[in-house]
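Protein chains: 2
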Amino acid sequence: MSLKHAVLAVLSHADRTGYELTRKIDGSVANFWPATHQQIYLELKKLDSEGWVTFREKAQSDKPDKKIYSISRSGRAELKRWVLESQAPTPVKDVLLIKLFASHLVSSDVLIDELDRHRVGHEVKLKEYRAIEREHFKSTHISRDALAQYLTLRKGIIAEKAWLEWCEESIARLRASD
Amino acid sequence: MSLKHAVLAVLSHADRTGYELTRKIDGSVANFWPATHQQIYLELKKLDSEGWVTFREKAQSDKPDKKIYSISRSGRAELKRWVLESQAPTPVKDVLLIKLFASHLVSSDVLIDELDRHRVGHEVKLKEYRAIEREHFKSTHISRDALAQYLTLRKGIIAEKAWLEWCEESIARLRASD
DNA sequence: GAACACATGTAACACGTTACATGATTGC
DNA sequence: GCAATCATGTAACGTGTTACATGTGTTC
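Protein chains in written order, with my numbering: chain A, 1 to 178; chain B, 1 to 178.
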């Protein structure tokens, strides 16, 4: 449902190959709607058969040939229509919370170790995002077009900070309860 | 993959009917792994055929009969095995971020309205969670068993606060850019 | 009389993952 | 020689959603 529009959204900024869409190039789809390359190639095929994207094949001598996809006029119209629809918040799904909910079955040491691994992971992500912020959005005035992309980055930063805060708090509470 | 274990996790605390599992009773599965009742009835059937849950049928005169499910010894063992596995963080998936990424196609007024709707939604959720916190976790000393459940609530509270912060910041930035 | 809460289920379809398959170039 | 990056694809399977179906009791 959403991957279709996620792909269109990225193509509305720049032409891309299927391969590029699966990578986290320039902070696009992969960051907020990850998918495998199989999934993306399939969607591109569907988008093509609906006329929402077009592609041109480009032969390369040193690397495999590639297909460069572009959003079409009707694709852009469809994307706009979809963006204009009001959106219910995406429900939270988190495996770690399920594990926590069942954690009365294991020792708190095991739990603390797991939480600490997650803490470190979120710390790393936060640093990455902050580096992107410094590099690409340092100027005081940001264009309207860049602003929207900046806000998705800000979401990443704020969410990672929240994760960190929660991991630290949880570890402290578990330590205190022993 | 995870719904199976989410259901086991809830049943490890108390017996439940399929119907109860689909509701947000006592802040269980529905809060961090939402699923439709069809999905849950199907999983319960699978869990039963694997011997991880058992059920007893209870006839009711005023309401439809129901099946009360319990976790079995092997189910508890399986749940423990699964909890002990180290978990990669659940990847972020968020439709709103896709829309933001494509928002250069629409006016900033439309965007601000949408962000404000989300802001209000998160405000309401935050209040709900805080009410649960006041009601159920007011004492200074919380048992180890209750602590794990409290931490899932804390995750909800911290995440909603982060959402609010981001919505407010984003609206302000969009207003300033006009 | 309509809508909602309780309570369970089947069937068809859409979405997503894993495994398998191919093949060139570049770096260790 | 082995692994990684670039680049695309098929097939089988598993997960999740939507629509449809049934039936009682309570509230507006």
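Everything labelled a hint here was simulated from the structure, so no lab data went into it.
Among the hints, a few may not be true.
Identical copies look the same in the list; a pair holds intra-copy or inter-copy alike.
[As the list claims (entries may be wrong)] List time: in silico BS3-like cross-link candidates among lysine-lysine, alpha-carbon distance up to 25 Å:
(1) Lys45 x Lys93
(2) Lys67 x Lys4
(3) Lys93 x Lys46
(4) Lys127 x Lys80
(5) Lys80 x Lys93
(6) Lys66 x Lys80
(7) Lys127 x Lys58
(8) Lys125 x Lys63
(9) Lys45 x Lys125
(10) Lys45 x Lys4
(11) Lys93 x Lys66
(12) Lys161 x Lys63
(13) Lys138 x Lys127
(14) Lys66 x Lys45
(15) Lys161 x Lys93
(16) Lys45 x Lys67
(17) Lys93 x Lys125
(18) Lys45 x Lys80
(19) Lys66 x Lys46
(20) Lys80 x Lys161
(21) Lys4 x Lys93
(22) Lys138 x Lys80
(23) Lys63 x Lys93
Cross-check of the supplied hints:
| no. | hint | verdict |
| --- | --- | --- |
| 1 | Lys45 x Lys93 | between (29 Å within a copy, 22 Å between copies) |
| 2 | Lys67 x Lys4 | within (18 Å within a copy, 40 Å between copies) |
| 3 | Lys93 x Lys46 | between (27 Å within a copy, 21 Å between copies) |
| 4 | Lys127 x Lys80 | neither (33 Å within a copy, 34 Å between copies) |
| 5 | Lys80 x Lys93 | between (27 Å within a copy, 20 Å between copies) |
| 6 | Lys66 x Lys80 | neither (28 Å within a copy, 47 Å between copies) |
| 7 | Lys127 x Lys58 | neither (37 Å within a copy, 55 Å between copies) |
| 8 | Lys125 x Lys63 | neither (31 Å within a copy, 51 Å between copies) |
| 9 | Lys45 x Lys125 | neither (32 Å within a copy, 39 Å between copies) |
| 10 | Lys45 x Lys4 | within (10 Å within a copy, 33 Å between copies) |
| 11 | Lys93 x Lys66 | neither (35 Å within a copy, 28 Å between copies) |
| 12 | Lys161 x Lys63 | neither (40 Å within a copy, 47 Å between copies) |
| 13 | Lys138 x Lys127 | within (15 Å within a copy, 35 Å between copies) |
| 14 | Lys66 x Lys45 | within (14 Å within a copy, 46 Å between copies) |
| 15 | Lys161 x Lys93 | both (18 Å within a copy, 17 Å between copies) |
| 16 | Lys45 x Lys67 | within (11 Å within a copy, 45 Å between copies) |
| 17 | Lys93 x Lys125 | both (19 Å within a copy, 16 Å between copies) |
| 18 | Lys45 x Lys80 | within (20 Å within a copy, 42 Å between copies) |
| 19 | Lys66 x Lys46 | within (18 Å within a copy, 44 Å between copies) |
| 20 | Lys80 x Lys161 | neither (32 Å within a copy, 30 Å between copies) |
| 21 | Lys4 x Lys93 | both (21 Å within a copy, 14 Å between copies) |
| 22 | Lys138 x Lys80 | neither (29 Å within a copy, 48 Å between copies) |
| 23 | Lys63 x Lys93 | neither (39 Å within a copy, 32 Å between copies) |
When each numbered hint is compared with the structure, violations occur for hints 4, 6, 7, 8, 9, 11, 12, 20, 22, 23.
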